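**Q** Okay, here's what each chain looks like letter by letter:
2 protein chains.
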Amino acid sequence: MSPTPVRKLALLIATACLSVNVVQAASLAPDIAQKQAQASYREYLDLLSIPNDSIVPEDIRRNVTWLEEAFRKRGFATQSLDNDGKPMLFAEYPGKQAGRKTVLFYMHLDGQPVIPAQWAQKSPWTPVLKQKAANGNWEEIDSAKLFAGAVDPEWRVFGRSSSDDKGPIMMMLAAIDALKAAGGAPAVNVKVILDSEEEKGSPSIAKVMQAHRDLLACDAIVIHDGPMHATNRPTLVFGNRGAAKAKLVVFGPKSPLHSGHYGNYAPNPAQRLATLLASMKDDTGRVTIPGYYSKVRLGDAERKIMAAVPDDEVALKRRLGIAQTDKVGANYQEAMQYPSLNVRGMGAAAIGDKVANIVPDKAEAELDLRTTPDSDAAYLGKLVEQHIVKQGYHLVQGTPTDEDRARYDKLASFTYQSEGGNAAGSPIDSPVAKWAYQAITGTFGTNPEPVRIRMMGGTVPTAEIVEVLKVPFVIVPLVNADNNQHAANENLRLGNYTNGIRTLHGLLTQPF
Amino acid sequence: MSPTPVRKLALLIATACLSVNVVQAASLAPDIAQKQAQASYREYLDLLSIPNDSIVPEDIRRNVTWLEEAFRKRGFATQSLDNDGKPMLFAEYPGKQAGRKTVLFYMHLDGQPVIPAQWAQKSPWTPVLKQKAANGNWEEIDSAKLFAGAVDPEWRVFGRSSSDDKGPIMMMLAAIDALKAAGGAPAVNVKVILDSEEEKGSPSIAKVMQAHRDLLACDAIVIHDGPMHATNRPTLVFGNRGAAKAKLVVFGPKSPLHSGHYGNYAPNPAQRLATLLASMKDDTGRVTIPGYYSKVRLGDAERKIMAAVPDDEVALKRRLGIAQTDKVGANYQEAMQYPSLNVRGMGAAAIGDKVANIVPDKAEAELDLRTTPDSDAAYLGKLVEQHIVKQGYHLVQGTPTDEDRARYDKLASFTYQSEGGNAAGSPIDSPVAKWAYQAITGTFGTNPEPVRIRMMGGTVPTAEIVEVLKVPFVIVPLVNADNNQHAANENLRLGNYTNGIRTLHGLLTQPF
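Protein sequence lines, in the order shown, are assigned to chains P and H. The first sequence: position 396 = 396 (the UniProt record's numbering), numbered continuously. The second sequence: position 475 = 475 (the UniProt record's numbering), numbered continuously.
By construction, these hints were calculated from the structure, which means they are not laboratory data. Given the structure is predicted, the values throughout are model-derived calculations rather than measurements. Be aware that a few hints might be false.
[What the hints assert, rightly or not] Some chain P residues near chain H, calculated using beta-carbon distances under 7 Å:
id	residue
1	LEU277
2	TYR293
3	LEU320
4	ALA335
5	ILE351
6	ASN357
[Said to hold, decoys possible] For lysine to aspartate or glutamate, the following DMTMM-like pairs were computed, each having C-alpha atoms within a straight-line distance of at most 25 Å:
id	chain 1	residue 1	chain 2	residue 2
7	H	LYS410	P	ASP312
8	H	LYS354	P	GLU385
9	P	LYS317	H	ASP402
10	P	LYS410	H	ASP402
11	P	LYS254	H	ASP312
12	H	LYS254	P	GLU385
Don't be surprised by glycine CBs; every beta carbon is placed ideally from N, CA and C.
This is chain P alone, in the form it adopts within the complex (with noise of 0.2 Å):
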């Protein structure tokens, strides 16, 4: 896509507008959003009692059954699509109307896998209230606290899923209470579909999606997954990069060699695979291989976007323990935006107790490439494989043969998968990203703005997602980042789940 005039004028616009709140949601207020919070809180820790993950298709089929009683009796209708005994749910709002845009909102039931063990609490299927002691621990307090008196927002559910992601699905639920105990509707034909698999990566969210093409059709897709910005203020996101894996094996001698007869003589693998990957980077983290980040296009909208986002660098830094960063972007923001070129693991013959006095017989590195909507996998791929075959290597599969040995100097293998995920990207001036930005300053003001993050450098399978409906999207996250998602004592602070409540109610009665 390149940058030309009239899409540079069409940007500055956007941001202009996104400055303005042209129509108001109506903004649920927050005494009345807590109450409707411990209203729902039984039905929550009902739910997260149901383990999830997708690998027992029973387990997720309990949950459905659970979830499709839920949404009916708050008058959606429902709909179990099939999914080799993983079924997904679909949910819809009564009252569909012809002119009105349809928003079709991704959530997901399935959760990862859990270590019991490892979780400071009787199971991670039981779910538990804490509080942080004044020591800084979390302290399990009785859940009958959630359903009389006051509620403290720092207090915590712990339990798998909390968070990532039936926090949000019973979010959702308690926001439609809302409107539906207010006498209101929602100011949008409203749509749902639960993924089982997304902890898998969605690898038959496309399958199914393509299967209920009618059923799902809609104007926008609104995701609710991953965490809010690190300041757990209002967030949306625009994107996401994507990932693929690569293989580098480089050969040396046809088995290792006395290093002291061999060294000097024949060529080692591991220096040369060092050379290779060497070539590829500058000493400030930027690739140099010619193309590779030359699809990306920021303009000074897009980098203002990015400049907004309150990252705190400097605590950043101190928390990574490292006093500079790469050169790739100008802050974190703008690294995101770029595919990156990373050694996830390297290895040639031993290090530590095993190692010997040998010129190893090869040396590997395993990479993984974040790709971006502009440059995907297939595209990196070739630059880097393009690029070693550029630097004198004859690449083989598997392991060379005596021939392949006999003839060419420099041997190496480069296997390519891209199957990680691919990326997405949405216009940060798309209806839906204005849409729901409006509905998220009508409901918490614009002191501080939202936080906007044009691309999440983390792979989620957005692309997955929104690839057969082919509409703009927006990712509205919803948990406190420091939810520890996918590990031991997943949590969920109750702040969010009030603030959940409100940005759901907000977006549902939001005129698109």
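Position chain H against the provided structure of chain P, taking the given hints into account.
**A** What follows is chain H alone, placed relative to chain P:
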């Protein structure tokens, strides 16, 4: 050592002299040597039956007792040299003459540890006789064949230390027997020292020699250890490289980081290690650190000697499975004259099944440096360390502190151990070198010429052996190159045994 015109002239004269046999040794006829060999096989097999891993001092003492008796009955005066329970043996032939040169013959009685299960015979300590079958395998034959009838020079005795280094000890005893049977006497004063810890790197030889300086006083040292040139032609070796070890660790973030969120941002230590290693060598395998090779001075005489070594590099490259070699020297021998810098192991995070999408927290390289007499471990280690610092690294001991991490962009540790054994070199025109050349050509003629190797690539404890007495030395290997030294199925070719007796007879009878 600078190649002054005087030295150059000396070398040219020496090279010229080596082609003219001034005084000839008494050549032992092949049939007499063969008869003498046959007469000694019983003792040889007996000696091989005594285990000799120096980790078991009692076994070492049994070997010393046996050998002391063997030398004594041939007229030697012997003395067991105390060495913490693992004595060495000194033996001196009678008839010392004040006007004659004294030669100290070094061999060793200990052997490498064994893994009996890897041996294709009952026990590594039960020597057996084998012949090569039509299918190329070695098959056992009745060892009685050693004592009656014609012995095939291609037959081999298999057993631990058959070649390394009890074979040469028995050849020496048999050469003395031959000399005595003919009513002759040595032309030099003969001293013998048998090391008991050579396979552990001779940690004690210098101390023992220091304690017995007067006893061991000599004009030259001849070392019988290691294999002959692969062609099995008579071989003279004038030095060997030493070894030093280093560990280089490049530090990244404090903990491994998610490569999606931090790839492109937190500097990758594997990438940095690669860049650092790449900065040390060029694409042809030559070290680019200034001064690394500059102390090695090779003149035309040395190059002529090296070029004369009948290495079959085409076959060697085929065997190693490489199309081209590093460009350190013009040929294999020349490459071995230079120090090496070899990556013997490398690692960062995991490769293979356990690979994860992370920016690793550190990357490590295990290096070995082969040293030369002019470029010792301290000199080379300092150059590498200075080079690392010059690339912008702050070096720490152990792991960096938080303060180090906040202050320095590039952090590494460099641990250097110069304990791998020193290099040793003796002039190719030294009196002992000329004397040995004359003895060998007097026995085997000059067509083909003996193989003269200026510097072996591997490290043997020559320096430790010669550094106390500070006299010229020459290494005269006697055993076949394909003897499986240090490994299972070690063996000695009977033709080498007979020729070894002839070689030793030549040395003993060659006027110095």
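**Q** For this structure, which hints from the list above don't hold up?
**A** Those not satisfied are hints 2, 10, 12.
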